[in-house]
Amino acid sequence: PIFPRCVGLYWPAIGTVKSRIVPEEVRATVYNLFRVPLNGVVVAVLLNNMDTATAFFWCSLMLGGGFAASVMLHALPARERAAARGGLADAEADDASLIAAREQ
1 PIFPRCVGLY
11 WPAIGTVKSR
21 IVPEEVRATV
31 YNLFRVPLNG
41 VVVAVLLNNM
51 DTATAFFWCS
61 LMLGGGFAAS
71 VMLHALPARE
81 RAAARGGLAD
91 AEADDASLIA
101 AREQ
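Be aware that the sequence shown starts at 1, since it is given in this note's numbering, and climbs by one per residue.
What the hints contain is simulated information worked out from the structure, not anything from laboratory work. Heads up, the beta-carbon is just placed ideally off N, CA and C, and yes, glycines get one too. Hints are not guaranteed to be accurate.
To be verified - Here are the in silico distance ranges between beta carbons for each label pair:
id, residue 1, residue 2, range
1, P1, L33, 30 to 38 Å
2, N32, W58, 34 to 42 Å
3, V41, K18, 16 to 24 Å
4, F34, V71, 16 to 24 Å
5, S70, V45, 21 to 29 Å
6, L38, L76, 34 to 42 Å
7, A28, A75, 24 to 32 Å
Based on the sequences and whatever the hints tell you, model everything.
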């Protein structure tokens, strides 16, 4: 079966990525801060007795919001580098070059 293999590969891989990104000193706090809104969403969905289409709509809306936040956070280091160099125009050029590189 392919599903257990995918799950068996996913959790160690994502654990490795998380360990590289989140410092050990604050790891438990960061993970718990992310669990609170997740549990709130789960409780809200379960208590509202939504039909399937409405639940998928809200999930899609939240995923879109998460994607937008991810894009903005990804652009943040380019802006910080530009501010350190002394110009926002450089940051916009960095953003444009990143977008052009991804489109190729």
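Hint check:
About 35 Å separates the C-beta atoms of P1 and L33, a value consistent with the hinted range of 30 to 38 Å. Distance hint check: the CB atoms of N32 and W58 are about 24 Å apart, inconsistent with the given range 34 to 42 Å. Between V41 and K18 the C-beta distance comes to about 20 Å, which sits within the given range of 16 to 24 Å. Look at F34 against V71: about 18 Å separates their beta carbons, and that is inside 16 to 24 Å.
For S70 paired with V45, a C-beta distance near 22 Å keeps the hint of 21 to 29 Å intact. Between L38 and L76 the CB atoms are about 23 Å apart, so this pair departs from the stated range of 34 to 42 Å. In this structure, A28 and A75 meet the distance hint of 24 to 32 Å, their C-beta atoms being roughly 29 Å apart.
Checked against the numbered hints listed earlier, the structure breaks hints 2, 6; every other hint is satisfied.
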